[in-house]
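Numbering (the numbering used here), first residue to last: 1 to 288.
Hints are not guaranteed to be accurate.
[As the list claims (entries may be wrong)] For each label pair, taking beta carbons as the anchor points, the in silico distance ranges come out as:
1) A107 - S241: 52 to 62 Å
2) E258 - G116: 46 to 56 Å
3) G238 - V101: 50 to 60 Å
4) R174 - E234: 34 to 44 Å
5) N103 - V27: 54 to 64 Å
In short, the hints are calculated from the structure, not lab data. Quick caveat: nothing in here was measured; it's all calculated off a predicted structure. All C-beta atoms in this analysis are idealised placements derived from N, C-alpha and C, irrespective of residue type, glycine included.
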Amino acid sequence: MERRAFRFSGFLAIAGLLVLTAAALLVVVPLLGEPGVHPLIPVVVVVWALIAVLAATGFIIVNPNDAQVVQFFGRYVGTIREPGLHWTWPLSARSRVTLRVRNFETARLKVSDADGNPVEIAAVVVWRVIDSARAVFSVDDHVEYVSVQAESAVRHLAASYPYEAHDSGRASLRDGAVVNEELTNELRERVELAGVEVLESRTTHLAYAPEIAHAMLARQQASAIVGARFKIVEGAVGMVSNALDRLREEHVVELDEERKAQMVSNLLVVLCGDRAAQPVVNAGSLYS
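Based on the provided sequences and hints, a complete structural model is requested.
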């Protein structure tokens with residue numbers, strides 16, 4: 001939708017006004033020596049004043065990384081992006097749009113995740129305007145539009161994933177790469193109408209809501225303990241199996257099934273216990 005507006009250097013326009021002023025003076029000055037007021041003098045002055053006033057309304061200054069959207073009596077005639085002093089259509093209206101990269105950080109939003117647990121989430125969005133005409137004419141305020149769409153996208157994202165994935169292969173809000181990529185893609189689709197490009201977006205805050213934070217922390221700790229115990233038992237079984245195999249292969253001692261079971265039990269207690277095992281010296285035989 002954006003297109004280039006008619007314009008040329010403002011310094012050339014100033015030079016043209018100076019030439020016009022010099023021409024008017026060349027006409028008016030000789031007539032001032034005549035008696036009375038020559039009828040041509042008011043005409044020259046009025047014409048010069050009208051041209052000067054109209055020309056003055058066509059000057060426009062564009063700053064670096066800015067754009068000026070030009071409208072001529074309600075019709076969009078183009079955009080000027082080149083920085084500097086320009087001259088364009090006189091009596092035209094201009095709207096300044098910044099093309100700089102901007103950041104927007106959402107507030108901490110309280111939403112329910114895919115499992116129904118209340119969570120707090122916030123995100124930061126990096127964006128810029130790439131179509132100044134759409135930014136001005138498609139929405140009322142493109143900055144406000146981006147902020148509203150960003151919060152809406154974050155809410156939708158939080159409701160699409162659980163805070164934690166208890167099933168293998170299921171993505172969660174804690175999977176930053178997956179979540180950030182989906183949030184960026186969704187935002188790009190939402191703000192394309194306003195001529196805005198989303199460069200990057202990522203979550204900056206993610207936590208359970210205060211009312212369930214303690215319970216969820218206990219759940220996480222229990223899951224961690226169970227996982228650690230599973231690893232300990234798995235390692236202990238491997239160590240016991242290796243010990244029995246070594247004893248049998250090297251003919252260190254011959255054990256019947258009952259003594260093997262007792263040895264396995266003792267080793268598992270030693271390897272899986274929370275506290276250091278206390279050795280007990282057996283003064284009798286192996287079977288007493």
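Hint check results:
{"no.": "1", "hint": "A107 - S241: 52 to 62 Å", "result": "56 Å, holds"}
{"no.": "2", "hint": "E258 - G116: 46 to 56 Å", "result": "52 Å, holds"}
{"no.": "3", "hint": "G238 - V101: 50 to 60 Å", "result": "55 Å, holds"}
{"no.": "4", "hint": "R174 - E234: 34 to 44 Å", "result": "25 Å, violated"}
{"no.": "5", "hint": "N103 - V27: 54 to 64 Å", "result": "58 Å, holds"}
Hint 4 from the list above is the single one not met by this structure.
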